[in-house]
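Q: Spelled out, the chains give:
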Amino acid sequence: MYKKLLTTIIMLMALIVPATMVFGGERVADPAAGWDKHYHFFGVVGFLIFVIVFVPLLYFVFKYRRTSENHTGAYIEGNTGLEIMWTAIPVVIIVLLGVQTWALFNEYRSVPANAHEVKVEAYQYGFKMVSPEGIETDGEFTVPAGPVKLNMTSRDVIHDFAVPAFRVREDTVPGRWTYMWFNASKEGTYQVYCAELCGPGHSLMLAKLNVVSKAQYAKWVEENKMKAQTMTPVERGEKLAKQCIGCHSLDGSPAAGPTLKGLFNSDTKLADGSVVKTDVAFLKKKIKAPKNNLVDGYPPMMPPYSFTDDELNAVVEYIKSLK
Amino acid sequence: MGKPEPTGIKAWIFTTDHKKIAVLYLVTSLVFFVVGLLLAIIMRTKLLVPDREFLISNELYNVFFTIHGAAMVLFWMIPVLLGFFANYLIPLMIGAHDVAFPRVNALSYWMYVGACLIAVLGLVLPGRLDIGWTGYPPYSVTGPANTALYVFAVHLLGASSISGAVNFITTIITLRAPGMTWGRLNLTVWGIFGSFIIQLIGVPVLAAAVTLLLFDKYLGTHFYDTNGGNPLLYQHLFWFYAHPAVYVVALPVFGIVSDIVSTFARKRIFGYTSMVIAMMIITVLGFEVWVHHLYVAGTLNWSRIVFMWGTILIGVPTGIKVFNWLATLHKGSIDLKTPMLYALGFIALFTIGGITGIANGLVGFDIHVHDTHWVVAHFHYVLALSMSMLVLGGIYYWFPKMTGKMYDEKLGQLGFWLTLVGALIAFFPHFMMGVDGIPRRYAILPAEYTGMIRISSLFSYIAIAGFFITIWNYIKSARSGAPAPANPWNSLSLEWTIPSPPPFYNFEKIPVITSDPYEYGKPEGHGEEKGAVGGHAAHHH
Ligand code: HEM
Ligand SMILES: [Cu+2]
Ligand SMILES: [Cu+2]
Numbered sequence: 001m002y003k004k005l006l007t008t009i010i011m012l013m014a015l016i017v018p019a020t021m022v023f024g025g026e027r028v029a030d031p032a033a034g035w036d037k038h039y040h041f042f043g044v045v046g047f048l049i050f051v052i053v054f055v056p057l058l059y060f061v062f063k064y065r066r067t068s069e070n071h072t073g074a075y076i077e078g079n080t081g082l083e084i085m086w087t088a089i090p091v092v093i094i095v096l097l098g099v100q101t102w103a104l105f106n107e108y109r110s111v112p113a114n115a116h117e118v119k120v121e122a123y124q125y126g127f128k129m130v131s132p133e134g135i136e137t138d139g140e141f142t143v144p145a146g147p148v149k150l151n152m153t154s155r156d157v158i159h160d161f162a163v164p165a166f167r168v169r170e171d172t173v174p175g176r177w178t179y180m181w182f183n184a185s186k187e188g189t190y191q192v193y194c195a196e197l198c199g200p201g202h203s204l205m206l207a208k209l210n211v212v213s214k215a216q217y218a219k220w221v222e223e224n225k226m227k228a229q230t231m232t233p234v235e236r237g238e239k240l241a242k243q244c245i246g247c248h249s250l251d252g253s254p255a256a257g258p259t260l261k262g263l264f265n266s267d268t269k270l271a272d273g274s275v276v277k278t279d280v281a282f283l284k285k286k287i288k289a290p291k292n293n294l295v296d297g298y299p300p301m302m303p304p305y306s307f308t309d310d311e312l313n314a315v316v317e318y319i320k321s322l323k
Numbered sequence: 001m002g003k004p005e006p007t008g009i010k011a012w013i014f015t016t017d018h019k020k021i022a023v024l025y026l027v028t029s030l031v032f033f034v035v036g037l038l039l040a041i042i043m044r045t046k047l048l049v050p051d052r053e054f055l056i057s058n059e060l061y062n063v064f065f066t067i068h069g070a071a072m073v074l075f076w077m078i079p080v081l082l083g084f085f086a087n088y089l090i091p092l093m094i095g096a097h098d099v100a101f102p103r104v105n106a107l108s109y110w111m112y113v114g115a116c117l118i119a120v121l122g123l124v125l126p127g128r129l130d131i132g133w134t135g136y137p138p139y140s141v142t143g144p145a146n147t148a149l150y151v152f153a154v155h156l157l158g159a160s161s162i163s164g165a166v167n168f169i170t171t172i173i174t175l176r177a178p179g180m181t182w183g184r185l186n187l188t189v190w191g192i193f194g195s196f197i198i199q200l201i202g203v204p205v206l207a208a209a210v211t212l213l214l215f216d217k218y219l220g221t222h223f224y225d226t227n228g229g230n231p232l233l234y235q236h237l238f239w240f241y242a243h244p245a246v247y248v249v250a251l252p253v254f255g256i257v258s259d260i261v262s263t264f265a266r267k268r269i270f271g272y273t274s275m276v277i278a279m280m281i282i283t284v285l286g287f288e289v290w291v292h293h294l295y296v297a298g299t300l301n302w303s304r305i306v307f308m309w310g311t312i313l314i315g316v317p318t319g320i321k322v323f324n325w326l327a328t329l330h331k332g333s334i335d336l337k338t339p340m341l342y343a344l345g346f347i348a349l350f351t352i353g354g355i356t357g358i359a360n361g362l363v364g365f366d367i368h369v370h371d372t373h374w375v376v377a378h379f380h381y382v383l384a385l386s387m388s389m390l391v392l393g394g395i396y397y398w399f400p401k402m403t404g405k406m407y408d409e410k411l412g413q414l415g416f417w418l419t420l421v422g423a424l425i426a427f428f429p430h431f432m433m434g435v436d437g438i439p440r441r442y443a444i445l446p447a448e449y450t451g452m453i454r455i456s457s458l459f460s461y462i463a464i465a466g467f468f469i470t471i472w473n474y475i476k477s478a479r480s481g482a483p484a485p486a487n488p489w490n491s492l493s494l495e496w497t498i499p500s501p502p503p504f505y506n507f508e509k510i511p512v513i514t515s516d517p518y519e520y521g522k523p524e525g526h527g528e529e530k531g532a533v534g535g536h537a538a539h540h541h
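Chains as they are written, first to last, in our numbering: chain F, 1 to 323; chain Y, 1 to 541.
Treat each hint with caution, since some may be false.
In silico lysine-lysine, DSS-like type, Cα no more than 25 Å apart, as pairs [stated by the list, open to error]:
1. F/Lys63 with Y/Lys331
2. F/Lys225 with F/Lys285
3. F/Lys242 with F/Lys128
4. F/Lys63 with Y/Lys410
Honestly, the hints are just simulated from the structure, not real lab data. Small disclaimer: the values here were computed from a predicted structure and weren't measured.
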């Protein structure tokens, strides 16, 4: 019994050590490609386990049926050899998978030195990106092809920045910085999802990621720098209001909060029963401290915004323009 | 025995009889199972059309999966296993008149009822719970949800679980009949024993975690906020219990599967000792895995690796159990009665869920599928549907014992096949969506998946129809089933040696045990020291 156990352990080591070298030694330049390989390897292993369980299961159920009322099965208490086998082989399989995934994980978490570093701030319900050149965009990001690192945080609750095309995601946590990187290997537009429950707008918290060539990226930077100087207040307001459209529609359709279309200078019934005019003063008050002026019939879920005076004016100008 | 058996409605309200308390647990938890299923029907129907206003709003979708998840895990799976099965079976299987503390037992049940009432309030009061059954801050603190209800429900459930744990651990240790050695316990008893150990260690941590949530929300403390606190602290404390909670459900299920398979294959359970060791390893290792829920939460990189090894290695004892079940079928005398069908269906669904769970546990793999529909598919296979089905099979198995009546076999099989076919297919499309990285808890899914979702919903309805037929079968058969003999399955286990339904004090005289419950077909003279053949059955009164 003990001899058997000892031989098994030695055999296990003999299998595990070289396997560790084979799988652990492998380096992938692109975690996404590594993930696909890992998935296929897992697929083969998983399918084999499936067959190893289901074939005997079905076979025994058909073969060993009760033949008469007094029929009884064979008396077998166990079989040490078999039991050691189906302990040892799964250990080997698990270690193989574990070592492979460990190597892959190291790739995921070691950022290449030449990565393009972007700051991401998530909020209910969107993502703000600040490029290394200081350009701020909401909802649509542009990065040059090649490795990209995101340094991420959140303004309110926990969100998650998920880019399935590059097989990676990481939570954004208020008060903390988290990071992830991916190799933006192919130019194109990719979908970004929030993948951590963050409120009623969770499933609307989407963004686009544009991967462009280095030259196009340089052009994009120039254009945006110019724009920042020549923008009208309404245009600036429109940009800032990207943060609101998770809860407010711009076209009159229903959403978590009242639509912003035609809102300016209308009558609003507040939760305390009073009716107010939504003039400039009210809008400013509401955006800065929403809990003090709750609108009747909606949940109190709007977050407060600490805009500068300029920004606040721009947002109000934009709301005014939505007729 | 002693006192006469009380009757009437008061007999139920003031009862301290473990069998009556068990039935109360069963009825209450089944109600929550039905509530969970009804919510699932509404969610699945909402998903048919990717439109924010279709059927229910996004807000309500979030409320529904919160209550669905909480109802299913906290008000159905755990209470039915540790409330109903533990109560009904433990005294009968170890040869005792009742549990060690019958009045504490009744208190456990009524605290559970209190938690149920609070949960129902959570559906109807303003500030409805839309925080997921996990209740992560800051959203659960700063959001509109009435988190206090969630916290108080967890407190009451926790108090109920802890007193239950103390009660049953004591009962199993001290009230075993003479001759009922640890090596002769039913695997169901072992599973329940492991579960209660986890409850005793884990539940206080959960209670602490949610209490701090309460303080943060209503007393302005800063445990989980960014003002000196840390939102990840909650996730660690929550999953320290909530992952092992999966094993709280799984261990008794493993035990019940073993008992059913052995009885209906009329064959000794293969590798009894390795079954017990595997259960105890799972009990301990279950506390070594929780960080897999924080694989992408911004936790330390090395901690993700360490907990990955715990997570995937737990696949080994789990695998041992599956192979032992297969080996028990080998050369058996298999009778495909409804309980056996459920046990086999369980093994099938559980295997699919188990394999895909290993993938989830692989930290490099999970970085792409975390919080996607891969996870939804995985846990509905491995736990939600497989274990709910096994529970229904377990109820069928002991139904003649409890009620003294036989269930309707035809209806039983119909319900089983509908549920099995539905369950096998319903969640498969979710694996494909998961591999594409589509996040879970989305009230609106990308339109290109509408086709898959419709297939999934169709088969969900079929599975749920099967569940409803099964529950109807219980109600119908309890009222008008044919009378059941004491031991319709010719089982060798102790609970079948007494009449159906069992008398008030179970055993007229505490039996003396001379053999274990799995000795089917044991040849005369095999293993001398164990004594007479069929010792359990020998004590038939
Ligand atoms: C056929 C029956 C069932 C159907 C159709 C069903 C359907 C669903 C759906 C649609 C979701 C939401 C997925 C999402 O958007 O993320 C969900 C979540 C969930 N289900 Fe089920 N379910 C069923 C049975 C069960 C059972 C029996 C359990 C018992 C443990 C269960 C436990 C859960 C849990 C824990 C969640 C997660 C809730 C959360 O995200 O907070 N389900 N289910
Ligand atoms: Cu979100
Ligand atoms: Cu877990």
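Q: Any of the earlier hints contradicted here, and which numbers?
A: Violated hint: only 2; rest satisfied.
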